[in-house]
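S.K.: The listed protein sequences correspond, in order, to chains A and B. Going by our numbering, the first residue of the first sequence is number 12, and it counts up by one from there. Going by our numbering, the first residue of the second sequence is number 986, and it counts up by one from there.
Hints listed in this document are in silico derivations from the structure and should not be mistaken for laboratory results. Bear in mind the structure is a predicted one, so any value in this text is a computation, not a measurement. Not one of these hints is a red herring.
Covered by chain B, according to a simulated footprint, are these stretches of chain A (three or more residues, beta-carbon under 8 Å):
#	stretch
1	187-195
2	325-333
3	341-347
Restraint ranges, calculated between C-beta atoms of paired labels, are given here:
#	chain 1	residue 1	chain 2	residue 2	range
4	A	63	B	1313	55 to 65 Å
5	B	1247	A	266	41 to 51 Å
6	A	266	B	1000	31 to 41 Å
7	B	1068	A	342	43 to 53 Å
Below, simulated DSS-like cross-link-like pairs (lysine-lysine); rule was C-alpha separation at most 30 Å, straight line:
#	chain 1	residue 1	chain 2	residue 2
8	A	90	B	1087
9	A	234	A	157
10	A	341	B	1150
11	A	90	B	1252
12	A	157	B	1252
13	B	1058	B	1045
14	B	1015	A	335
15	B	1087	A	255
16	B	1014	A	338
17	A	153	B	1257
Using N, Cα and C, we set each Cβ at its ideal position, and we do this for glycine too.
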Amino acid sequence: MGFFSRKNHFEVDGRVGSHTVLAKGMGRGLGKALAQKGANVVLVARNQEKLDAALKYIAASAKYPQSQRFHTISADVTKPEENARLLEEVTAWNDGNHPDVVWANAGSSHPTLFIDTPIEILHSQMDINYWAAAYLSRATLKLWLKPATSSSKSQESQTGPTQPRHFIITSSVACFVGLAGYAPYAPAKSALRSLADTLRSELNLYNGYRRGHPSQGPLTDVKIHCVVPGTIKSPGLDQENEVKHAVTHLLEEGDMAQTEDEVAVAAIKGLESGGYLITTQFLGHAMRAGMLGGSPRNSWLVDTLFAWVINIAWLFIGPDMEGKVFKYGKTNEVLLPA
Amino acid sequence: MAIGLAWATAALGVFFIVLAFDTIGFFKKKNQFPVDGRTVVITGGSQGMGRGLGKLLAQKGANVVIVARNREKLKAALDYISKSARHPETQRFHSISADVTKPEENVRILQEVTTWNNGQAPDIVWANAGVSAPGLFVDTSIETLRAQMDINYWAAAYLAKATLKCWLHPSSSSNKPFSVNDSSLLPRHFVMTSSTAAFCGIAGYSPYSPAKAALRSLSDSLRSELNIYHGARLHPSSSGPPTDIRIHTVFPGTILTPGHEAENTTKHPVTKILEESDPAQTEDQVAAAAIDGLERGYYLITTQLLGAAMRASALQGSPRNNWLVDTLFSWVTSVAWLFVGPDLESKVFQYGKEHGVYKS
Chain A
12 MGFFSRKNHF EVDGRVGSHT VLAKGMGRGL GKALAQKGAN VVLVARNQEK LDAALKYIAA
72 SAKYPQSQRF HTISADVTKP EENARLLEEV TAWNDGNHPD VVWANAGSSH PTLFIDTPIE
132 ILHSQMDINY WAAAYLSRAT LKLWLKPATS SSKSQESQTG PTQPRHFIIT SSVACFVGLA
192 GYAPYAPAKS ALRSLADTLR SELNLYNGYR RGHPSQGPLT DVKIHCVVPG TIKSPGLDQE
252 NEVKHAVTHL LEEGDMAQTE DEVAVAAIKG LESGGYLITT QFLGHAMRAG MLGGSPRNSW
312 LVDTLFAWVI NIAWLFIGPD MEGKVFKYGK TNEVLLPA
Chain B
986 MAIGLAWATA ALGVFFIVLA FDTIGFFKKK NQFPVDGRTV VITGGSQGMG RGLGKLLAQK
1046 GANVVIVARN REKLKAALDY ISKSARHPET QRFHSISADV TKPEENVRIL QEVTTWNNGQ
1106 APDIVWANAG VSAPGLFVDT SIETLRAQMD INYWAAAYLA KATLKCWLHP SSSSNKPFSV
1166 NDSSLLPRHF VMTSSTAAFC GIAGYSPYSP AKAALRSLSD SLRSELNIYH GARLHPSSSG
1226 PPTDIRIHTV FPGTILTPGH EAENTTKHPV TKILEESDPA QTEDQVAAAA IDGLERGYYL
1286 ITTQLLGAAM RASALQGSPR NNWLVDTLFS WVTSVAWLFV GPDLESKVFQ YGKEHGVYKS
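Bound conformation, chain B alone (with noise of 0.2 Å):
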């Protein structure tokens, strides 16, 4: 018995001092997201999140395609972008205005970026664009729900439908993928923006959390689905797809951006409570996070600890960026939302008591 425990102990320990070194990324990992050379295109890419993800992609030696409807504010983004070029001589940098709430205008985009890159659909596709007009429920009308539903589900929804039609497509003169060597084709990305408002429901953010919480719930149905076509490049007859196709969804919390700056104006006081002590992050570094995550090969990324600490909560099915710690901090988490969920109630709760619910 003592020696068993003896034994129990030993393990326990060295299995916390391993734990301690993954944390901290000690083991060296390969990326998983590598760019240079590669073709990245992005929307939602003239400002905000978008613009900060370009620069740094094309600082490490992406070619870049932003899109986004103002034909201004696109020139100025690619021209801050693309100071930022690693290889200023061989790299390029291409902007397409488009109304991505039209599935067939995220046809097109991938179109004219193949056309840009010599024949070759891009490496990397990121719905990004997203807006967030909070509200509360019963004062918002009904154009404004469905137009955040567009702007932010839609969008996403058609641009993968166009992009996977074009990558699953199987191997051809007109989807060559990229290629490091004849023997290793690099997998293509599909990166979604959602946002940890589709981990929990707030007053104030039903025309978006709904929007937002659709889109993790697309992504965990299409990476299973993915897994066919995975299957299908090693049937013994298929020609299957020429690559595989790895998906990944960013959650980011509170950007501090232009749009951040309109969407509080809409916001409701009680929201502007509840989000009190969250933190906020700049374009800058929440690209930085982003592609952080995405170069350890996660698949739902969070951009600070409070991000994570909703994802811990909201896991279910999901596959773990690392079991170990996920499956801790969603034990922790899973108390702590005990005390976290009835004190945000309370708050809204006590805010109604005190003050006016309706618009004079």
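Here chain A stands alone, though its shape is the one from the complex (with noise of 0.2 Å):
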């Protein structure tokens, strides 16, 4: 639970990470805090001065300000073809190395009542929140689980064992509980839970297979994560309540709101510990314990308890929000189809 463990689950000191980021919010605060333990960062977003802004901020917390290094890439993260390319920009900008750690980061949520809600925006929900991450995490795998013997020179001559590589997935509390107003989000990122959790199984077979062909294998083992943030206070937000319905406001009351460095610190915290389904406050921690399911335990004993707690607290909990619902609909005027 820590007392035993103190290894350093997730070293970023020299390595590269890139992971894509809408160039503010929670992307920007990774960045900072990984500049600041001494990684080299390349960012992704769409918008290149609000990138060249974010690397500004971020460089000035480089831990070794001589020898980092910092990037951008400008892409559309929502298209496959975009993820394999930033991939091949940043293998190049490395020198010809792969980078060490990818976080698919970027998504935004657009909170409104399912049936106001058009379709379009039903599918642009899934292609920032789900598919960008599905279409990043494929075109990595693709590279880091290539046979080791195909692998490129200058990797070969890292001294020193070989860390294990890290591929980490934002998803958000919402996909751990139904909430009115959050049909077009809570799914994307339900989906995303899902393929880490599959993800995870599956990557065994590759770590597995390193194990016993180590110069046929890939050539470091890969770690997935999921890391499941709760509100973040960020310009995103202030667009996300822009279109939230009042009824979704009156569930999210009292909910705790993180700042970027915060929500960033516990991140890297929950990674460094070993985490695998990585929640970054307590309201979170407790969402996680209820849905466990079957996906790996950060700690078998306070996660089993906290989940038996967490099931008696939802008997009163849920239906709470459901009447809230309920006289929402009853006091206050409701839109219906035409």
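Make the complex out of the two chains shown on their own, each in a separate frame, by following the hints.
M.R.: Next comes the structure, spelled out in structure tokens:
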């Protein structure tokens, strides 16, 4: 639980992390935190101006300003070919070495009632919140899982034992629960969590193969993680709140909100402890405990007891939340289909 | 102290006796899913679970409309289903050929059924169409990944949208609900078929599980949202929708169907190892279990014990079917997963260690 194991399971000093980000919000917070830990950071987003501003901000936090490197790539991550391209560019920029850490962090929320949401928005929500990460993970794994014999020379000359590479997906606590107003967003985040669980199971195949065939298997082990933040104070949140239905605001009343730096710090702390499904604040921890399913536990004892308690709590919280929504409909104007 | 203990023990004893009776269904509950005389639409209705559902609902007196792409399969299925009609003279059967992965096709389905049903919208709509194309993630083409999401998630989301737009319309002549008598308007039901794959991640299911998990999440969100419209029905000045709408999601496990045979041709050997001891049901068994759950008024419905266990471990805020059983079961399964989880992972690891992973 932390007392016995102090090993850092997420060494980034000197390694190259590339993450897709909306160049504001959590992604920028992550970039800064990783720069502070000595990583070379590549930011990806669509808008080059915002990327340039974020880069300056992040580079100012570099642990080794003389030797750490920073880069930006403008790309539309909702397209599969753009994900392959950005990895090629990072590799070229990194002297022919694939990045060590890839973080599929891009995402945005458009919380409106299902029948009021046009199909185009349902699609675009799935594109940015699920497909972007699915394409990036596929493109990244296709590179990382190549047999070691086909890797570039400079990677073989890494000194010391080869550290695992990490693929990280940013989901959302919305994947743990169904709330009125999140039908465009929550299913995509839920799909992400399921993808992470499935890939985690699948990566055992390749890591196992590497153990049995060290020279024919992939160069390193590959680990996957799913970070699940709650509310983050960011420009993205401001946009989200403009379209959000009143009943959703009602249900989220009292939810804890974190700054981009707080979320980044909590996420990286979870990674350093070797966690798989990583939440960033107490409400997130509780929601994760209630939806563990078959996902690997971070701490078998704490997670199990917490799950028992949360299960009871939901017997009361669930009906209470439904009651709030019902009451809202009873006392307010509701838009029905024409 | 002793008296307190005695009372507590007695209470605990009564509690377990009541639990036992409730679990075996001793306390008869009203049928929460009456279908006799009502009209049901089932997508993916020409084979497998959909066909099983059609037959069982026909036996229970429903008018059944099945939807699929292939007209020949639809015709054969319709013949098969209508033979089981409870009231052969009055029950009606219909089929519609449509590609449910297109939003406009789902709107057309609702319109055609309403026209065929004498201007009355269907009472029950079941988004059942689905196909599994399992394979390792890096070996699966992007086209396949997208096609899996289209049939397993979007088809149901489009049908939900088309159906709810119809049902949430304020009372009117085109949105006349089925009524047993003037004072009793039966709720309408929207049902989605997901899969136990939604509850856990298994190597080889990356094209399929995320879509099925998305369905569960959509179900939870819609269930929360429908409360607004139910509340609106009681709003002093509102013309709310004419009936309540109940949403349910069914999570079958392995079903022995033509779809399953096709699935096994692309499935990776390691996936088969992980599924080795899973129970398999016939289309009739799955249909019976699903409808039993609906009649009991359940929300997230599984069809066999393994599915029930998997659901219990992933309950979170979803409404319970039976608060006591679900809570105890969830405690037990959260402990079981401490052993089952690592065991499944090590099986995959072992397989990788001993066999090749690269396609030649």
